[in-house]
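Trainee: These protein sequence lines are chains A and B, in that order.
The opening residue of the first sequence carries number 1 in this note's numbering; numbering runs sequentially from there.
The opening residue of the second sequence carries number 1 in this note's numbering; numbering runs sequentially from there.
Treat the hints with caution; some may be incorrect.
To be verified - Stretches of chain B that chain A covers, calculated by requiring three or more beta carbons in the stretch to come under 8 Å of a beta carbon on chain A:
hint	stretch
1	46-60
2	105-119
3	238-249
4	306-315
5	346-360
6	444-454
As the list claims (entries may be wrong) - Listed below are the simulated BS3-like cross-link pairs for lysine-lysine, each with C-alpha atoms no more than 30 Å apart in a straight line:
hint	chain 1	residue 1	chain 2	residue 2
7	B	Lys88	A	Lys92
8	B	Lys79	A	Lys10
9	B	Lys130	A	Lys10
10	B	Lys423	B	Lys341
11	B	Lys130	A	Lys92
Hints listed in this document are in silico derivations from the structure and should not be mistaken for laboratory results.
Just so you know, even glycine gets a beta-carbon here, dropped at the ideal spot from N, CA and C.
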Amino acid sequence: MSIERSDIEKIAHLARLEVAEADVPEYVRNLSNVFDLVAQMDSVDTDSVEPMAHPMEMVQRLRDDVATESDQREHFQQIAPQTENGLYLVPKVIE
Amino acid sequence: MQWEVVIGLEIHAQLATKSKIFSGASTAYGAEPNTQACAVDLGLPGVLPVFNKEALRMAVKFGLANNCEITRRSVFARKNYFYPDLPKGYQISQMDHPIVARGELEIELEDGSTKVIGITRAHLEEDAGKSLHEDFHGMTGIDLNRAGTPLLEIVSEPDMRSAKEAVAYMKKIHSLVQYLEICDGNMQEGSFRCDANVSIRPKGQQEYGTRAELKNINSFRFVERAINIEVERQIDVLEAGGKVVQETRLYDADKNETRSMRSKEEAFDYRYFPDPDLLPVEIDDAYIEAIRATLPELPDAKKRRFIDEYKLKADDASTLTSDRALSGFFEAVVKEGEDAKLAANWVISELLGALNKNGMALADSPVTADMLGGMIKRIKDNTISGKIAKQVFAAMWEGEGDADAIIEAKGLKQVTDSGAIEKIVDEVLANNQAQVEQYRGGNEKVLGFFVGQVMKASQGKANPSQVNQLLRVKLQG
Chain A
1 MSIERSDIEK IAHLARLEVA EADVPEYVRN LSNVFDLVAQ MDSVDTDSVE
51 PMAHPMEMVQ RLRDDVATES DQREHFQQIA PQTENGLYLV PKVIE
Chain B
1 MQWEVVIGLE IHAQLATKSK IFSGASTAYG AEPNTQACAV DLGLPGVLPV
51 FNKEALRMAV KFGLANNCEI TRRSVFARKN YFYPDLPKGY QISQMDHPIV
101 ARGELEIELE DGSTKVIGIT RAHLEEDAGK SLHEDFHGMT GIDLNRAGTP
151 LLEIVSEPDM RSAKEAVAYM KKIHSLVQYL EICDGNMQEG SFRCDANVSI
201 RPKGQQEYGT RAELKNINSF RFVERAINIE VERQIDVLEA GGKVVQETRL
251 YDADKNETRS MRSKEEAFDY RYFPDPDLLP VEIDDAYIEA IRATLPELPD
301 AKKRRFIDEY KLKADDASTL TSDRALSGFF EAVVKEGEDA KLAANWVISE
351 LLGALNKNGM ALADSPVTAD MLGGMIKRIK DNTISGKIAK QVFAAMWEGE
401 GDADAIIEAK GLKQVTDSGA IEKIVDEVLA NNQAQVEQYR GGNEKVLGFF
451 VGQVMKASQG KANPSQVNQL LRVKLQG
């Protein structure tokens, strides 16, 4: 299985990553290699194997339902590019 | 062409926990923007989610109430997409192993018939923040207080065949989550929201048509209208020889139309994968049985009991059990007033009527269950008639005290002294000789006229059955 240029563009768009035009062929080659490896692994019969959800053989610890966090808005908003009336401002996202 | 409508609903119920699903930030509604968004909710580097015990318990409780399978080992997954109100770039949700799997629910339709709707699954996930598109100099304002609020997404099978069925299903789930005390059901605040998957197919065809997803419909009325208008649109498209495209559409209540939200090229590819920050959640039978033991009497069972125990009509029993607080109020009225039929009538027509008229919730009612029960007691022991009771109820509503105090203060006690009633009857008959002749001439309908006159003369306080009886005797001459 091989990856096309358009796949790279789509993946980059979904991840909101800017990919330099000159780097695309290398990404195509590298990712194609990864996919070829996956295709090879696909040939193993895994019908009786339960898909792994996590590499560690442990279960989730649970937290009591208590509000423990205090308001640190001012602190957090110091690193935001723009805020107003307590809101984070971002470029308009509605059409 | 005869078309069949196919509807499946995805309901998002915010779970009524104190803190968020993966952080210790408060979930209280209405706080100043971003004062309840901690480092985990903001997706700052280095943070780790820790799962809220209570959210798990609530999800299991919902599953048990609908005879759903409960997953012994459930897994959280990342649903990846970019939107500014989702700071991590992914929503923690569940994909392959949701906490609640297949179950079913019975809905009741307007004609009294019932229908079973399949529940495909219910999974836990975190809510996103809110985007405010008002004027921020052409920018969007982001409030992340809601980010990380626990949601139970309840997915139905495509079993509904009309907008009315969809509304009945949604109302049933709405009532149920409140009975279970896992969601406050407040639709205005967005605690209970619904997306509808709508498609049509020629009647008799097996395969489903292409569906459109209607997003975020926040009232029962809008669900019905949005579905109906979308069905009309799809019929128009197909009958004009076009094709329905699979897309997300937004219902615009002002224009009563649906319009495309995301074009096909932008179609989402969520790239789900198990969240490496969270381990699988394992629960055992003992845990599940302990939760089962806490299930309250559910609406259907309560309705059956109300019909058996109180001899109520099915309609009335449905109304009274649609809301857990209302059913409790009714039972308290019955206990105090000792008459279930009267209690049902007064709660449904007078109390609910007054609440609706004033746009008030039951919890804000100035007339308590004890007060209403106390008044019914006075109807039962003939202290007041049903007609006078309306005056008493109005006065209780205005905060003038309980029934006994009002009856005393306003002198509304029914006259049952037959001597006093007889005196009034005699006067009325003496003053209306012409009608007396009519009655005696065979026109028995004028009896109603006399009853009215006597009641008027007694200012409504004469016991109506005594008045009737006396009049009949006297008129026979």
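Trainee: All hints are to be evaluated individually against the structure, with a verdict given for each.
Mentor: Verification of the hints:
no.: 1; hint: 46-60; result: holds (count 7)
no.: 2; hint: 105-119; result: violated (count 0)
no.: 3; hint: 238-249; result: violated (count 0)
no.: 4; hint: 306-315; result: violated (count 0)
no.: 5; hint: 346-360; result: violated (count 0)
no.: 6; hint: 444-454; result: violated (count 0)
no.: 7; hint: Lys88(B) - Lys92(A); result: holds, 19 Å
no.: 8; hint: Lys79(B) - Lys10(A); result: holds, 17 Å
no.: 9; hint: Lys130(B) - Lys10(A); result: holds, 27 Å
no.: 10; hint: Lys423(B) - Lys341(B); result: violated, 34 Å
no.: 11; hint: Lys130(B) - Lys92(A); result: holds, 13 Å
In this structure, the earlier hints numbered 2, 3, 4, 5, 6, 10 are contradicted, and the remaining ones agree with it.
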